[in-house]
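Enquirer: Top to bottom, those sequences are chains A and B. Under the working numbering, think of the first position of the first sequence as 9, with each following residue one higher. Under the working numbering, think of the first position of the second sequence as -10, with each following residue one higher.
Heads up, a few of these hints could be off.
[Stated by the list, open to error] Cross-link-like lysine to aspartate or glutamate pairs, in silico, EDC-like; alpha carbons within 20 Å at most:
(1) A:K107 <-> B:E42
(2) B:K86 <-> A:E87
(3) A:K107 <-> B:E4
(4) B:K86 <-> A:E67
(5) A:K65 <-> A:E87
(6) B:K86 <-> A:E106
(7) B:K45 <-> A:E106
(8) B:K15 <-> A:E60
(9) A:K79 <-> A:D46
(10) B:K86 <-> A:E81
(11) B:K86 <-> A:D64
(12) A:K107 <-> A:E60
(13) B:K59 <-> B:E4
[Said to hold, decoys possible] Here are some chain A residues pointing at chain B (derived, C-beta under 8 Å):
(14) P16
(15) F18
(16) M35
(17) S39
(18) D46
(19) G61
(20) P69
(21) F98
(22) G103
(23) L104
(24) E106
(25) K107
(26) F110
(27) S112
(28) L116
[To be verified] On the chain A side, residues computed to face chain B include the following (Cβ under 8 Å):
(29) G50
(30) A58
(31) L86
(32) G113
(33) V118
Read the hints as simulated data drawn from the structure, not as lab findings. Each residue gets a CB set at the ideal place from its N, CA and C atoms; glycine is no exception.
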Amino acid sequence: NAGVTQTPKFQVLKTGQSMTLQCAQDMNHNSMYWYRQDPGMGLRLIYYSASEGTTDKGEVPNGYNVSRLNKREFSLRLESAAPSQTSVYFCASRGLGEKLFFGSGTQLSVL
Amino acid sequence: SQQGEEDPQALSIQEGENATMNCSYKTSINNLQWYRQNSGRGLVHLILIRSNEREKHSGRLRVTLDTSKKSSSLLITASRAADTASYFCATDGSSYKLIFGSGTRLLVRP
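Starting from the given sequences, assemble the full structure and let the hints guide the process.
Expert: Structure follows, in structure tokens:
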């Protein structure tokens, strides 16, 4: 089982460029999440999807959009990247067991 | 601001010693979870304690929860160099959101 797969692993953008981070899980989980982690800090919730067809804002949603494409996939889009969005982005999923399963992260630099 | 705040921010101990990390939170919860993160990697779930539980054990891990004080502690007994990592608490309220604390960086010296 692959678990939670994120692509790409690394990305460098220029200010104002757009990009989409992809996330897919193969565990048939209902809920999916996007977090960002800045150096030396904890994770902050950007958006989450409690179930297919629903999305909700987390702690720091400004500058981001999400799409729950189907039960497996949950993408995060930066429409106009800013240096403040330089971070490591983690996708996670959760089934009935309540614990989160994390992907390996996307390291994003915005110059 | 983040729901959970952990202390200490950093902890350095000798192999074989016990490590204790604390987490305080602000709102009511259904459960509280602890995760571990090795440098540059994703987080891995360690243990979950429900709001109606006071203590839980898993191997060398012991977690306590005091809902009246809105606090939890994670104890790692007989630490090993391989326990070196960052540890985070996460609170699970009523809306599917899991909110993480700021973490404790643990260094176990051989």
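Enquirer: Against the structure shown, which of the earlier numbered hints fail to hold, in ascending order?
Expert: 2, 3, 8, 9, 13, 14, 15, 16, 18, 19, 20, 22, 23, 28, 31 and 33
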